[in-house]
Amino acid sequence: MESYMHKTADVSPKSKIGENCRIWHHAQIRENAELGKNCVLGKNVYIDAGVKIGSGVKIENNACVYNAEIGDDVLIGPHVTFTNDPYPRAFIWDKSRVGKKIVVKKGASIGANSTILCGVVIGEYAMVGAGSVVTKDVPAHALVYGNPAKIKGFVCICGMKSEKKQEKAGSILFECPKCRKTFEVPKEVFEK
Amino acid sequence: MESYMHKTADVSPKSKIGENCRIWHHAQIRENAELGKNCVLGKNVYIDAGVKIGSGVKIENNACVYNAEIGDDVLIGPHVTFTNDPYPRAFIWDKSRVGKKIVVKKGASIGANSTILCGVVIGEYAMVGAGSVVTKDVPAHALVYGNPAKIKGFVCICGMKSEKKQEKAGSILFECPKCRKTFEVPKEVFEK
Amino acid sequence: MESYMHKTADVSPKSKIGENCRIWHHAQIRENAELGKNCVLGKNVYIDAGVKIGSGVKIENNACVYNAEIGDDVLIGPHVTFTNDPYPRAFIWDKSRVGKKIVVKKGASIGANSTILCGVVIGEYAMVGAGSVVTKDVPAHALVYGNPAKIKGFVCICGMKSEKKQEKAGSILFECPKCRKTFEVPKEVFEK
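Protein chains in written order, with this note's numbering: chain A, 1 to 192; chain B, 1 to 192; chain C, 1 to 192.
None of these hints come from the bench; they were simulated from the model.
Think of the CB as a built atom: it goes at the ideal place given N, C-alpha and C, for glycine as much as any other residue.
A couple of the hints might just be wrong.
Calculated pairs, EDC-like style, for lysine to aspartate or glutamate (alpha carbon to alpha carbon, straight line, at most 20 Å) [unchecked claim]:
#, chain 1, residue 1, chain 2, residue 2
1, C, Lys7, B, Asp10
2, A, Lys150, A, Glu163
3, B, Lys7, C, Asp137
4, B, Lys181, C, Asp48
5, A, Lys7, B, Glu167
6, C, Lys95, C, Asp72
7, B, Lys161, C, Glu184
Derived list of chain B stretches under chain A, where covered just means 3 residues or more per stretch with a C-beta under 8 Å from a C-beta of chain A [to be verified]:
#, stretch
8, 77–83
9, 86–92
With the hints as extra help, turn the sequences into a complete structure.
What follows is the structure, given as structure tokens:
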């Protein structure tokens with residue numbers, strides 16, 4: 001199905017948009033940005049030049065995505081802000097100062113109004129609680145929140161907080177209380 | 001007086017707008033939303049489908065109101081973000097997962113750039129300080145702030161921090177140092 | 001060079017705009033606001049009535065500047081929110097309640113999604129980390145972050161965190177590890 005773009009959206013002809021996306025009011029997609037298929041971009045979302053986004057991604061109102069690589073099935077809540085300069089100064093700008101890319105891996109979710117510092121990697125199916133400031137990497141399946149965000153538990157693919165079920169050699173097995181899916185977390189992550 | 005809507009605002013014909021409202025640039029009001037009279041909606045405000053809002057409400061620039069019921073005379077500061085999904089996943093969406101409604105009661109104020117988690121009830125004349133993350137109910141007249149927001153005092157209808165004046169059987173009587181109005185706070189709230 | 005204004009920007013004819021500025025999509029500049037030369041205003045930036053802004057200032061997407069005086073070469077990150085009412089109530093509004101002005105001095109930077117309380121003075125070349133809530137004055141060259149923001153170090157004009165090099169009578173001399181510029185911080189600021 002062809003993608004829908006609201007008449008007030010500004011989508012660069014030099015961007016690449018997959019099929020069946022919906023791009024809402026005042027959203028802007030800059031040159032050389034790439035969007036997979038089946039994505040939804042809310043009102044006033046901003047996708048900076050060169051940002052790569054997978055398929056099935058949902059980006060909510062007013063989120064600003066700079067300097068990032070976004071995997072499939074990622075959710076970015078409203079007002080989430082990515083950053084691209086670790087030492088921002090209005091009067092100094094050269095490419096060597098741009099911060100390392102933010103990477104958000106398959107299935108992860110970032111709660112409303114969170115701020116993500118440059119260079120951070122958010123692991124598969126991780127979940128960042130609303131209003132967080134994420135200053136360091138988030139392991140796969142971790143639930144983090146706060147300012148700065150800290151690990152507060154581990155979540156299932158379905159999003160539910162899961163319980164420790166069994167200790168294994170190098171990892172901990174978790175089981176979801178709702179859907180009964182399991183996943184493993186490396187011991188050194190669990191013990192942090 | 002007839003309501004004013006800026007020409008760039010997008011107000012659903014299926015919403016209900018009271019008289020004498022002012023709705024500014026790029027604001028969007030979705031279907032089945034209801035707005036009382038004498039409200040002001042700032043630039044780029046978003047009111048989600050079905051949200052009910054009282055009269056005399058002021059919602060400032062870029063605030064996103066999802067999943068909520070807003071009483072009369074409420075103030076919602078700029079960039080305030082409501083949330084509607086406690087376990088957000090881009091790839092799972094069914095109505096049973098929508099979080100409980102946020103309720104903001106008469107006369108309460110929510111400071112700039114605060115984030116409100118779903119299910120939270122903000123009591124009458126409560127005040128949420130700027131930049132807060134509100135994760136649990138806020139009692140009437142309470143002043144809360146921080147991430148997570150905690151009770152830091154109690155405020156008058158006029159907004160001023162008030163002082164404990166007298167201990168009563170089940171409550172504490174507060175008096176405003178400025179306007180001399182009084183109000184009561186239940187003992188169990190005060191002692192938390 | 002003449003300033004560029006995107007066709008969707010709304011710039012009051014009663015504002016004053018210096019030369020060679022770039023004002024992007026949906027930005028709004030209210031009456032009696034003043035902007036120096038060589039400024040950049042991102043998407044959906046809002047400059048309130050009467051705000052004075054110096055030259056070489058960069059204000060990123062969705063930032064809302066109320067009630068402020070902004071020096072030359074200041075950077076205001078995306079989603080930064082200024083505040084203008086210390087006791088906000090939707091139903092009370094008189095000029096005597098407007099909070100003291102926020103002052104941001106030459107060369108300072110405010111990180112993404114930060115919230116600035118009214119009356120705060122941010123000193124020359126200070127740096128506010130992303131996601132901060134700034135509740136009190138920030139000394140010149142200080143690096144602050146967190147909610148509430150606290151002093152975590154001192155930064156060079158170029159933005160790098162600098163090291164204590166020498167103790168002097170009433171001040172501490174810092175040297176930048178990268179550009180070798182030096183600056184002084186009063187002892188009473190350092191010891192806080």
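Hints and how they fare:
Taken as a hint, the C:Lys7 and B:Asp10 pair is honoured in the structure, with Cα atoms around 19 Å apart against an allowance of 20 Å. Our distance criterion of 20 Å between C-alpha atoms is met by A:Lys150 and A:Glu163, whose separation comes to about 18 Å. This hinted pair does not check out: B:Lys7 and C:Asp137 have alpha carbons roughly 40 Å apart, beyond 20 Å. Taken as a hint, the B:Lys181 and C:Asp48 pair is broken in the structure, with Cα atoms around 33 Å apart against an allowance of 20 Å.
Annotation: proposed proximity of A:Lys7 to B:Glu167 is violated, straight-line Cα distance about 61 Å (limit 20 Å). Among the hinted pairs, C:Lys95 with C:Asp72 is inconsistent with the structure: their alpha-carbon atoms are about 28 Å apart, more than 20 Å. As the CA atoms of B:Lys161 and C:Glu184 are separated by approximately 39 Å, the hinted pair breaks the 20 Å bound. Under the rule that three or more residues need a Cβ within less than 8 Å of chain A, the assignment of the stretch 77–83 of chain B holds, with 4 such residues.
Counting residues of the stretch 86–92 of chain B whose CB lies closer than 8 Å to any CB of chain A gives 6, which reaches the minimum of 3, so the coverage claim holds.
The structure does not agree with the numbered hints 3, 4, 5, 6, 7 stated previously, though it agrees with the rest.
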